[in-house]
Amino acid sequence: MTDILLRTSHLSFAYPQRSSSLFRRPPVREVVKRVDLAVPRGSVLGLVGESGSGKTTLGRLLVRLLRPTSGGIQFDDVEIGRLGEAELRPLRTRIQMIFQDPQSSLNPRLRLGVTLTRPLQIHGRLNGRQDQRDRAAALLDLVGLPNSLIDRYPHELSGGQRQRAGIARALALEPDFIVADEIVSGLDVSTQAHILLLLRELRARLGLTMVFISHDLSVVRLLCDDVAILQHGEVVESGPVARIFNAPQHAYTRQLLSAIPLPDVEPGWLDDSSPLFFSLKQGSAA
Amino acid sequence: MTAVLAVHDLHVAIGRRGAAANVLRGASLEVGAGEVRGLVGESGAGKSMLGRAVLGLLPENAVIGGGTIRFEGRDLLAMPEPERRSLLGRRIALIPQDPMTSLNPVRRVGAQIAVMLRHQLALSRHAALERAVELLAEVAIREPRRVLELYPHEISGGMRQRVLIAMAFACDPSLVIADEPTTALDVTVQRQVLQLVERLRQRHGAAILFITHDLGVVAKICRTMTVLHAGRVRDEAETADVLARPRHPYTRALLAATPRADRPAEALRPVPPALIESLWSEAHRLDRLAVAGPA
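So the protein lines, in turn, are chains A and B. The first sequence begins at 1 in my numbering and counts up one residue at a time. The second sequence begins at 1 in my numbering and counts up one residue at a time.
Same shape as in the complex, but just chain A:
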């Protein structure tokens, strides 16, 4: 047994595009290109990129909501890239995903207690109604939500509470591996900090291995051990958090880091001679 829980090798994914002709093979758009990742057991990997970088598609590949076009995914030394739905089923209890928008990923017609225990029910791990309520109560407790929310509907919850619920549902099956996709990006600063600290605590307590997808490098620094920077579907740089933040090698990583507005007054920040402004100067001179 290695200490790498998840590994990808030359992982690629392409969406077919609409074909111009019936008889021609449809053109494809590659959104994930030959990605090699290794996530050690118990560690958190941050996957950072801007919109269109392929980070969400990569996350969906890792939990096998998508099937790779080529390349492989090894989970706990088993190749899962080509497995069919039936073969994947036992693995689904070990791999979970937390979605960006808890508003749309929680069923609005189900009470929270039912939603949280749905994964247990689907995998036949519930013993009647009392067991369901006990499990739901334990899950609420795990993510710091009051027990009184058990019979509430998602719309009665605040954004932060909904995201906690999303985390609780992902933890219901006691998975080893979680992919979290932009789960704090819609939250206010005060709520966001609570969720980040909750994730850190859960990670330490449950020994979770995680891939944390975000466009926000500040958040990644807080939670992750390693970072991979994605641009146009390719990993341009990866390594330990401290190294990437203190000594970024790739030009794109440096550009991303310098674009983050830190809450400090910095007079020169706005008058930068970025390529945009070269064209502006030319434009106004003409």
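Check each hint, because a few of them may be wrong.
[What the hints assert, rightly or not] Not close to chain A: a few residues of chain B, all C-beta gaps over 10 Å, as computed:
id : residue
1  : Asp9
2  : Asn61
3  : Leu87
[Said to hold, decoys possible] To give an idea of the interface, some chain B residues facing chain A are shown, with a C-beta separation under 8 Å as derived from the structure:
id : residue
4  : Ser43
5  : Thr183
6  : Asp186
7  : Gln190
8  : Arg191
9  : Glu198
10 : Leu215
11 : Leu255
12 : Ala261
13 : Leu268
14 : Leu289
[Claimed, not checked] Keeping only pairs whose Cα atoms sit at most 25 Å apart, straight-line, the calculated SDA-like set for lysine to any residue is:
id : chain 1 : residue 1 : chain 2 : residue 2
15 : A       : Lys33     : B       : Thr188
16 : A       : Lys33     : A       : Leu88
17 : A       : Lys33     : B       : Ser156
Since the hints were made in silico from the structure, they are not lab data. This one's a predicted model, so the numbers in the text were calculated from it and none came from an experiment. For glycine and all other residues, C-beta sits at the position ideal for the given N, C-alpha and C.
Mind docking chain B on chain A? Use the hints.
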């Protein structure tokens, strides 16, 4: 010197009598000529409502319970509606949050800019299009004539936001309300857009009320800032002062809860729930006072 914008003791409630929720509870702020003031707060703080109140674009079920909004010395709330409307776009402009929903999806970019220019500046069709080309060039759009022929969905989010910025500054307004204009953008694009706003502000000499939840953005573009929570002003000073020596506990808590890419993980402290509760209960106490009337 009179302020371009002076909001004083503004009260706004949403909903009908009996079931109304107060969103602004006596908020006051000033924006001087050419000043960029940040209006910072979390969701529900009332910051967008304040911006909308200034623009006269409050939702239909909103009730202004009291206060004044003075623009260049004249009270907007006491002004006849047609007169107030004539200021919009010309003297007071808006850069909206969502560039996708703020442009008409079924009309070409050029037609939308031209309609605005013809209406506001009474330009001829030809002159309006020529001016539109200049405006797009000013916001660093490379091939302005080509872009004018495109529909909003055919250009990127950053470019759509630049089109809206160009439109906001087109009539040389003295006040621009920027309502979270970079929230939906990637960081690299955000930086370009902020650089552009600053450049246009300098060129056109407008004052800006910059509404945002991001303390980092405020630090970079606003010389002064106002912190709003539960419809009340909690802190207000030069940005450098507020960030270095926040006076109100809420501002301090907000700064401590903001993750920073330049600091290791241990530095983060979330906002204590007790603080938020006490701020809200104070706000609700004020609401009861208002309902009961002064003793």
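A closest beta-carbon separation below 8 Å is what the hint needs, so does glutamate 198 of chain B meet it against chain A? Result: holds, 5 Å to nearest chain A Cβ.
Would the stated hint for arginine 191 of chain B survive a check requiring a Cβ distance to chain A of less than 8 Å? Arginine 191 of chain B check passes; min Cβ-Cβ to chain A is 4 Å, inside 8 Å.
Hey, does leucine 87 of chain B actually stay past 10 Å from chain A on C-beta? holds (28 Å)
For a C-alpha distance cap of 25 Å, please report whether lysine 33 of chain A and serine 156 of chain B respect it. holds (23 Å)
Does the closest beta carbon of chain A sit nearer than 8 Å to the beta carbon of threonine 183 of chain B? At 10 Å from the nearest chain A Cβ, threonine 183 of chain B fails the 8 Å test, so the hint is violated.
Checking one constraint from the list: CA of lysine 33 of chain A to CA of leucine 88 of chain A, max 25 Å. Satisfied? This hinted pair holds, its Cα atoms lying about 24 Å apart.
Least C-beta distance between aspartate 9 of chain B and chain A, which was stated to exceed 10 Å: holds (26 Å)
Tell me if the interface restraint on glutamine 190 of chain B is satisfied: Cβ within less than 8 Å of some Cβ in chain A. Because about 7 Å separates glutamine 190 of chain B from the closest Cβ in chain A, which is inside the 8 Å limit, the hint holds.
Checking hints one by one. Is leucine 215 of chain B an interface residue toward chain A, by the C-beta closer than 8 Å rule? Hint on leucine 215 of chain B: holds, closest Cβ of chain A at ~4 Å, below 8 Å.
Does the interface hint hold: is serine 43 of chain B within less than 8 Å of chain A, judged Cβ to Cβ? Hint holds; serine 43 of chain B Cβ to chain A Cβ min 6 Å, cut 8 Å.
Is the straight-line distance between the alpha-carbon of lysine 33 of chain A and that of threonine 188 of chain B 25 Å or less? holds (22 Å)
In terms of Cβ atoms, is chain A entirely out of 10 Å range of asparagine 61 of chain B? holds (20 Å)
Comparing the model with each earlier hint shows violations of hints 5, 14; every other hint is respected.
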